[in-house]
Amino acid sequence: MITLTTQQKAACLETAKALIAFPSVCQPAEGAMPFGKDIQACLEYALDYCQSLGFTTYLDPAGYYGYADYGQGEELIGIIGHLDVVPEGDHSLWQTDPFTGTVIADKLYGRGSGDDKGPTAASLHGLKAVIDSGVPFKKRVRYIFSTDEESMFRCLKAYRQQEEIPTATLVPDGHFPFTYGEKGLVNIKLHGPGAADFNLKGGDAFNIVPSKAHYQGPQLTEILAQLTANNQDVTQTGSDALTVTGTAVHASVNHLGNNAVSQLAVALNHYTQHPLLQFIAQEIGLDPHGKALLGELEDDISGKVAFNLGKLEINEDSSQLWLDIRYPLVADYAEMCQKIETVSHAYGLRFEEYDQWDGALVPLDTPFLQTVLTTYQDLTKDFTAPGVTTGATLARTLPNAIAFGTKSSQSTNSTAHQANEYVELSDLYNGMTIYANVLEKLVTSEASLLA
1 MITLTTQQKA
11 ACLETAKALI
21 AFPSVCQPAE
31 GAMPFGKDIQ
41 ACLEYALDYC
51 QSLGFTTYLD
61 PAGYYGYADY
71 GQGEELIGII
81 GHLDVVPEGD
91 HSLWQTDPFT
101 GTVIADKLYG
111 RGSGDDKGPT
121 AASLHGLKAV
131 IDSGVPFKKR
141 VRYIFSTDEE
151 SMFRCLKAYR
161 QQEEIPTATL
171 VPDGHFPFTY
181 GEKGLVNIKL
191 HGPGAADFNL
201 KGGDAFNIVP
211 SKAHYQGPQL
221 TEILAQLTAN
231 NQDVTQTGSD
241 ALTVTGTAVH
251 ASVNHLGNNA
261 VSQLAVALNH
271 YTQHPLLQFI
281 AQEIGLDPHG
291 KALLGELEDD
301 ISGKVAFNLG
311 KLEINEDSSQ
321 LWLDIRYPLV
331 ADYAEMCQKI
341 ETVSHAYGLR
351 FEEYDQWDGA
361 LVPLDTPFLQ
371 TVLTTYQDLT
381 KDFTAPGVTT
391 GATLARTLPN
401 AIAFGTKSSQ
411 STNSTAHQAN
421 EYVELSDLYN
431 GMTIYANVLE
441 KLVTSEASLL
451 A
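In full-length UniProt numbering, the protein residues as written are 1 to 451.
To be clear, the hints were calculated from the coordinates, so they are not data collected in a lab.
Pairwise CB distance ranges (calculated):
id, residue 1, residue 2, range
1, Gly-194, Phe-351, 15 to 25 Å
2, Thr-96, Thr-5, 25 to 35 Å
3, Thr-3, Val-103, 14 to 24 Å
Note that CB positions come from ideal geometry on N, CA and C, so glycine has one too.
Let's have the full structure, built from the sequences with the hints guiding it.
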């Protein structure tokens, strides 16, 4: 059993802080920096740091990914941590600088502290603890640094085309013990006409429930009254302008948030005739599962569909709505999209499929998953069953991949994608210990991971 030292924990925390310091939000490409200079700088820092720890490193010449290798053997164990983060959102809501890792009351605050820079640091230093223990490696380990997890997974698409596929992979981006399946995911854009007499804007990304929605136009008194009657937080910001405030959460748990865009669109539809607002009000409403549009989509393994309105913009020239839909394994993806396209077309809207990933399910009876599970249970005495998630992690990009921590199995409070994002230091260090002991079992075994 590997027990962490105070120095190893301190190194993990400093690495997490160093990664948080990079405002690694996806930006337009600049040369061989496909996601902008800040993500590239964070990637290069991570690789340089791994090299200083004794890893052999590689940077994709096109800038999509990098990795750090250690060990020897025929089979390759992958670990994937992502370095990109979502935008900070409303800066005024942050109690600390979002890009300064700050410890307050045994919590590490900062954008990416929980998703996914803290878990990346914990898993990397868990692996380093295995190396420092001196055990003989019977398998190779590759730490893959992802740079586009929060957008379109283009980093792993490039990796899969060009690099060796790991035999099995751990992705530190979820709950313990692990998730062995993920719902399907599709991002859709609906395009419509502009509006001559008003404009509306809310949301920043597909995978975040919007916390703000802004309106400027006529009939402000009536719209304010409608929103107030709906017990919605709304503020008049000008003679003809207002802002609706909701609660941002990750799109995978959109039912736990309050979608400011949905609230404003449904209220505004009473006072204007715009096809995109009509579509939202009549076909979706405030239901986080999209039941009116999609019907009952649910199965016993992966649960209900999660239907998120991530962004809405209506200006003088055009309008667009971004949808993030996480559908259960039982759903017929093509049939579902055809229904959305047909219904939206009836409102005069143009359908665009922006990105899509099939659902994934890894068999629980492989030696890989059995080793992970039994080692975790022996170490923690936690016998919570592995599950299937609504989240979209990088585990869906590779075969035999699971989302593995860092959050406790009992954790119900996630601040990912929210203001004042944090990770409990206890979760960070417990995760590091779990990664170290599971990786020790995996790398020292001469048996195949999949046989």
